[in-house]
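Listed here are the chains, written in short residue letters.
There are 2 protein chains.
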Amino acid sequence: MEKSTRRKFLKTNAIAPLAFATTLGSEKIVKSELFVHHVYFWLKNPNSEADKAKLIEGLDVLSKVSEIKMAHIGTPASTNRSVIERGYAVSWLLFFENLEDEEIYQKHPVHLKFVADYSHLWEKVIVYDSVGTKRKG
Amino acid sequence: MEKSTRRKFLKTNAIAPLAFATTLGSEKIVKSELFVHHVYFWLKNPNSEADKAKLIEGLDVLSKVSEIKMAHIGTPASTNRSVIERGYAVSWLLFFENLEDEEIYQKHPVHLKFVADYSHLWEKVIVYDSVGTKRKG
Chain H
1 MEKSTRRKFL KTNAIAPLAF ATTLGSEKIV KSELFVHHVY FWLKNPNSEA
51 DKAKLIEGLD VLSKVSEIKM AHIGTPASTN RSVIERGYAV SWLLFFENLE
101 DEEIYQKHPV HLKFVADYSH LWEKVIVYDS VGTKRKG
Chain G
1 MEKSTRRKFL KTNAIAPLAF ATTLGSEKIV KSELFVHHVY FWLKNPNSEA
51 DKAKLIEGLD VLSKVSEIKM AHIGTPASTN RSVIERGYAV SWLLFFENLE
101 DEEIYQKHPV HLKFVADYSH LWEKVIVYDS VGTKRKG
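From first to last, the protein sequence lines are chains H and G. Residue numbers for the first sequence follow this note's numbering, beginning at 1 and rising by one. Residue numbers for the second sequence follow this note's numbering, beginning at 1 and rising by one.
These aren't lab readings, by the way, just hints derived from the structure by calculation. It is possible that part of the hints are untrue.
Which copy is meant is left open, because identical chains are indistinguishable; a pair holds if it fits in one copy or across any two.
To be verified - Straight-line alpha carbon distances no greater than 35 Å define the calculated DSBU-like cross-link-like pairs of lysine-lysine that follow:
hint, residue 1, residue 2
1, Lys44, Lys31
2, Lys136, Lys107
3, Lys134, Lys69
4, Lys134, Lys64
5, Lys124, Lys69
6, Lys113, Lys44
7, Lys136, Lys44
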């Protein structure tokens with residue numbers, strides 16, 4: 001598939017789950033849409049290691065929701081440049097197969113319980129939901 | 001390894017590359033540190049599909065840098081809640097084995113050429129670098 005054709009294809013199918021094949025050199029690769037849900041948590045007590053640990057404990061339980069394909073829990077790295085946001089306490093990165101699975105997760109009892117039990121810990125969350133394909137990995 | 005011990009271990013080794021084993025039920029899982037580099041691009045011409053496509057073309061080439069373990073290119077999903085940031089045009093998510101690999105990537109000629117050739121397209125970038133472990137996937 002030519003690049004321009006592929007782009008058009010991607011654009012018109014941005015939301016729907018899809019899988020298509022492309023050719024890179026002689027290697028045939030199947031690319032499938034992936035829904036990336038990335039949440040950054042700012043704590044009410046940003047210096048409380050106990051609150052951070054408690055939040056991570058809650059996220060660890062939350063990661064068991066079966067619709068979640070990949071879960072990563074992180075904290076800010078040591079990198080420090082003007083464009084890097086370092087004020088958050090915890091990064092919560094999830095992969096879903098598609099939008100539908102992410103919506104199931106949002107309404108899942110385990111998720112609702114997580115919000116009920118842990119939301120007192122955070123002051124702010126920023127969520128970035130993006131849809132696209134893996135280019136590698 | 002007990003949860004509390006693991007947390008302490010994680011805390012004191014937040015930056016260094018590491019791999020350790022933990023037991024979940026009867027299943028033994030090896031968790032290794034992962035460096036997550038997530039960049040969000042705001043375009044100078046936010047409504048230009050051509051500029052967005054050009055940026056994605058550049059990122060596609062950039063994804064070939066060998067230190068990159070996983071690369072995902074996305075655009076904002078259809079989800080729309082108050083906590084969701086939807087103003088950016090392109091999401092660029094990378095996994096690296098560790099901080100060292102991310103630093104090699106930052107100084108890589110392919111990365112420097114990408115910035116030289118494409119930075120006129122964007123108005124703003126926000127970068128979130130976080131270090132942690134996969135809980136799943």
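Now for the hints, and whether the structure bears them out:
| no. | hint | verdict |
| --- | --- | --- |
| 1 | Lys44 with Lys31 | between (40 Å within a copy, 29 Å between copies) |
| 2 | Lys136 with Lys107 | both (31 Å within a copy, 20 Å between copies) |
| 3 | Lys134 with Lys69 | both (14 Å within a copy, 11 Å between copies) |
| 4 | Lys134 with Lys64 | both (23 Å within a copy, 12 Å between copies) |
| 5 | Lys124 with Lys69 | both (25 Å within a copy, 30 Å between copies) |
| 6 | Lys113 with Lys44 | within (19 Å within a copy, 41 Å between copies) |
| 7 | Lys136 with Lys44 | between (37 Å within a copy, 27 Å between copies) |
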